[in-house]
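Protein chains: 2
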Amino acid sequence: MSDERLYAVVMAGGSGTRFWPASRRARPKQFLPIAGDRPMVAETCARLAGLVPLERVLVVTSGDLAGEVRAALPELPAANLLVEPVGRNTAPCVALAALEIARRDPEAVQLVLPADHVIEPAEAFRASLRAAAAEARRAGRLVTLGVRPTFPATGYGYIEVGDVLARHGAHEAHDVLRFVEKPDEARAREFLAAGTFLWNAGVFVYTTAAVLAALREHAPDILAPLEAAGRATGLEEVYPALRAAPFDVAVMEPSRARSVLPIDYAWNDVGAWTSLPEVLPLDADGNCVAGGGALVAEGARDNVVFAGPGELVALVDVEGLVVVRAGDAMLVCPKDRAQDVRRVVERLQREAPDKL
Amino acid sequence: MSDERLYAVVMAGGSGTRFWPASRRARPKQFLPIAGDRPMVAETCARLAGLVPLERVLVVTSGDLAGEVRAALPELPAANLLVEPVGRNTAPCVALAALEIARRDPEAVQLVLPADHVIEPAEAFRASLRAAAAEARRAGRLVTLGVRPTFPATGYGYIEVGDVLARHGAHEAHDVLRFVEKPDEARAREFLAAGTFLWNAGVFVYTTAAVLAALREHAPDILAPLEAAGRATGLEEVYPALRAAPFDVAVMEPSRARSVLPIDYAWNDVGAWTSLPEVLPLDADGNCVAGGGALVAEGARDNVVFAGPGELVALVDVEGLVVVRAGDAMLVCPKDRAQDVRRVVERLQREAPDKL
Chain B
1 MSDERLYAVV
11 MAGGSGTRFW
21 PASRRARPKQ
31 FLPIAGDRPM
41 VAETCARLAG
51 LVPLERVLVV
61 TSGDLAGEVR
71 AALPELPAAN
81 LLVEPVGRNT
91 APCVALAALE
101 IARRDPEAVQ
111 LVLPADHVIE
121 PAEAFRASLR
131 AAAAEARRAG
141 RLVTLGVRPT
151 FPATGYGYIE
161 VGDVLARHGA
171 HEAHDVLRFV
181 EKPDEARARE
191 FLAAGTFLWN
201 AGVFVYTTAA
211 VLAALREHAP
221 DILAPLEAAG
231 RATGLEEVYP
241 ALRAAPFDVA
251 VMEPSRARSV
261 LPIDYAWNDV
271 GAWTSLPEVL
281 PLDADGNCVA
291 GGGALVAEGA
301 RDNVVFAGPG
311 ELVALVDVEG
321 LVVVRAGDAM
331 LVCPKDRAQD
341 VRRVVERLQR
351 EAPDKL
Chain G
1 MSDERLYAVV
11 MAGGSGTRFW
21 PASRRARPKQ
31 FLPIAGDRPM
41 VAETCARLAG
51 LVPLERVLVV
61 TSGDLAGEVR
71 AALPELPAAN
81 LLVEPVGRNT
91 APCVALAALE
101 IARRDPEAVQ
111 LVLPADHVIE
121 PAEAFRASLR
131 AAAAEARRAG
141 RLVTLGVRPT
151 FPATGYGYIE
161 VGDVLARHGA
171 HEAHDVLRFV
181 EKPDEARARE
191 FLAAGTFLWN
201 AGVFVYTTAA
211 VLAALREHAP
221 DILAPLEAAG
231 RATGLEEVYP
241 ALRAAPFDVA
251 VMEPSRARSV
261 LPIDYAWNDV
271 GAWTSLPEVL
281 PLDADGNCVA
291 GGGALVAEGA
301 RDNVVFAGPG
311 ELVALVDVEG
321 LVVVRAGDAM
331 LVCPKDRAQD
341 VRRVVERLQR
351 EAPDKL
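Line order of the protein sequences matches chains B and G. Each residue of the first sequence is one higher than the one before, counting from 1 in our numbering. Each residue of the second sequence is one higher than the one before, counting from 1 in our numbering.
Hints are computed from structural coordinates only; laboratory data are not their basis. Keep in mind that the hints are not guaranteed to be accurate.
To be verified - One-sided and incomplete, this derived list gives chain B residues near chain G with beta-carbon spacing under 7 angstroms:
| hint | residue |
| --- | --- |
| 1 | 298 |
| 2 | 314 |
| 3 | 325 |
| 4 | 328 |
| 5 | 329 |
| 6 | 332 |
| 7 | 340 |
| 8 | 343 |
Backbone N, C-alpha and C define an ideal beta-carbon position, used for all residues, glycine too.
Isolated chain B (complex conformation):
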């Protein structure tokens, strides 16, 4: 299959508070240079270089984030920015993009990617996407990538793999036995020991026909209103009423025709500040810095820093802290209490909502 039939869908509508104060309502994580010099959404598109040019990349986001997409991806054709009137999780997002691609090329294979994950090396990832596209076309299946676990993670969903269905170059396509929600520690250890469970990387690959058929079967309440509305007309009316459901749960889980390709290079969903040491270079004392700023560390160990270009953070004799400087706000917190940042965010929602 020629690459010209590949379209990519980058899901860039997410929001969240785990990267406050660097991420705000108006600029969530995917628009920040969390794990590189460019915003994560730009890194995600750059990772496709040589496989899918921007002309065939659709970026889906919400209306209040459209400006951030344009700023991060100035080369993206205007028609390739799909704006959701409101966020409704990933199933409506996937359906919206699937219908748009169907209009452009009914024979296309669609690669669906989160905007805010780190996956590398990019060349290996592109090879996996090519293999997944081949599997999608071969079997008409919904294909996903599964990351071989390296530790008993409790923060990721898992995929249990079945028999090998086909080989595509160096990749094996397995049947999917089931999707499993985030497990507790004990089950995560069982999964790791069993060797037949993979992390769900949130990447989906399928032909246009396959995804529309699956949506029609498992999520007609989402697909039908979008088909009726067309791309621009009436989206405002139908979208708010759509079921807010993840594509995994609404479509992948109930489907029977699913393949998974195991991959074993670096993947990280960068779910929190504490993920940064996994995706950034560390200095000799285990400190890392994101965002383009400079770190001067004296006797400081294992800290995670975020600061903007031209900004300087000096850490003296501190250990295991998250230190974030962003706009008019900053945060200092121990790494192992980073989840408590939501307490600050909750207080700000009441006391100083302009800081969110």
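Using the hints provided, position chain G relative to the given structure of chain B.
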């Protein structure tokens, strides 16, 4: 004696790195709102309200800080800003101001104050200055204020008091037996136990005649070139060659005619970030914030924060930190290691001098 004969000299030429990154070369501590809403030099002048109006306040600083003085004290008459071509410690500064005041009012009593100390209540301080002025005029002595120690401080110089020489209202003027440099812990404990030692507050009060006589006797190498140079002409030539000596050491110590007035209200030289809890209100968890910024603390205790107006610092579950946000730089450091900040400053002198 009428208050009209009182002149104040505010010494605002100091520099230092202990308040980096809030203080920079171009804006040392006395120009920051470290312990109030206004720059410390403005608070120092405000403390004189009702005793010495700005028309009789001289501010001495170095050429590169003159703009900061004007910004902090827009009402200060231009002729009252004395600019030292280079800093030469306090003896030349005192001599320069003494000569200028001698030209304006040879009968004046001069009150010499550091620009960057906290002393309160202001009313009590003004009463002490009035008493010191009375003592200066009565005896023709060099008068100083001595703070009754409340703990065995090793960071301050001490004054050993002798007999009572006179009473001025509620104040006693004592003879000064000797000045003592910063003691070690054991001697500081002895001083505290003895009850006859006071902290040297760095405040001097004397008649114009007395200080010029003392300078002529003990520091002719400083006074004579300044007298020869006149106020503006030739200062550039003579100043760099002057001996850089503290007034205490060069003049007060060798003098015989010295009085000290004990005071027992709050005085603090705010020598480091760790002094801030002594001069600022604390929240219920012992945190304090200076600089006009906002602090949101969740489970955070005993931290010292500096941030500018409109800025927000969120601290979650951290304890005993100094957290400073200033311009394009920030610092995070345990309070008990605040002296190690100089290591950062030394590195920046080599690597990024624009951040100093």
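Verification of the supplied hints:
The beta carbon of residue 298 of chain B comes within 5 angstroms of a beta carbon in chain G, closer than 7 angstroms, and the hint placing it at the interface holds. Annotation: residue 314 of chain B was flagged as interfacial toward chain G, and the flag holds, the nearest CB pair being 5 angstroms apart, inside 7 angstroms. The beta carbon of residue 325 of chain B comes within 6 angstroms of a beta carbon in chain G, closer than 7 angstroms, and the hint placing it at the interface holds. Because the smallest distance between the Cβ of residue 328 of chain B and any Cβ of chain G comes to about 5 angstroms, under 7 angstroms, the interface hint for this residue holds.
The interface hint given for residue 329 of chain B is met, as the beta carbon of that residue sits about 4 angstroms from the closest beta carbon of chain G, less than 7 angstroms. The restraint placing residue 332 of chain B at the interface with chain G holds, with a minimum CB-CB distance near 5 angstroms, inside the 7 angstroms limit. A cut of 7 angstroms between beta carbons decides the hint on residue 340 of chain B: the least distance to chain G is about 5 angstroms, and the hint holds. With its C-beta approaching chain G no nearer than about 5 angstroms, residue 343 of chain B sits inside the 7 angstroms limit, and its interface hint holds.
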